[in-house]
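Engineer: The whole structure should be built from the sequences, with the hints applied where relevant.
As numbered in my numbering, the sequence shown has no gaps in its residue numbers, which increase by one up to the final residue, 282.
Treat the hints loosely; a few may be bogus.
[Unchecked claim] Below, a list of computed lysine-lysine pairs in the DSBU-like style, where the Cα atoms sit at most 35 angstroms apart:
#1 Lys-138 / Lys-281
#2 Lys-111 / Lys-231
#3 Lys-85 / Lys-138
Worth flagging that the hints you see were computed from the coordinates, not collected in a lab.
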Amino acid sequence: MTYRELLKVQAERLENSGNDNAEYDCAELLGSASGKDCRSNGYRLMLDETADKDVSAQFEALCDRRISGEPLQYILGEWEFCGMKMFVGEGVLIPRQDTETLVEIVLNKYKKQDSIIIDLCAGSGCIGLALEKLMGCKELYAVEKSEAAAKYLKKNAELHSSKLKLVMGDVLETSALDKLPVADLIVCNPPYLTGEDMASLQKEVTFEPETALFGGEDGLDFYRTVTRLWKNKLAEGGMLIYEIGAGQEDEVMQIMVQHGFENVRSRADCCGIMRCVMGTKN
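Structural biologist: Take a look at the structure:
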């Protein structure tokens, strides 16, 4: 059996399990098993070769994990965010294309390249690291309470030769505040799923840490507390920008206005869904 034939067999298995991206997932998984990037010429040339038994066995095992519902990103151990490789795995939120909207907005709206940036609920560190690479900054801090997530954050910071400083702590408590300087820019992708959202998660999402997903019954717990506490860590004229869930823009904008932020506005992602809310401290 050739690799091409093997791909077809495993893609049918994934399709029968309800996977709508079976061919794409199988290509990525065969690339991982064979050690060849599925976008490379070497991979394409390999497809008509007789499949190696060890590679075939490893490929089948990876497909078994995918059929169980485990996210493709966890199986691969890495994912791309803003053109940058990010290590991911069990215990850390998977970087999503939706979140690239936040980075793009900052790059378009915020021109200060010698900023002090704080990335709250940092997870893999993808937002802060992307801003550091694409915009530049004077100092970069990441706040994360999960040891499991911090493991990947540290690996990603090392991978990208970052000057990021990790502060372990809960953004909902004041203890982390005391460990950080006043910032020019605070970015935050907090947990924002509601209780109703959590009850109807896709199978893949249930593999991700609940603490990175659940934002309280109405999904707004983090916005209320972070806005109140972390305004004190913003310099005059500094900007706070959030990622939000679909339909949350009015509530989050109201929270920011109530806490004295000015020029509060929302921005949509590439699908037209309001994805970010930002405001300025004056």
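Engineer: Does each hint hold? Answer for all of them.
Structural biologist: Status of the hints after comparison with the structure:
| no. | hint | result |
| --- | --- | --- |
| 1 | Lys-138 / Lys-281 | holds, 20 angstroms |
| 2 | Lys-111 / Lys-231 | holds, 20 angstroms |
| 3 | Lys-85 / Lys-138 | holds, 22 angstroms |
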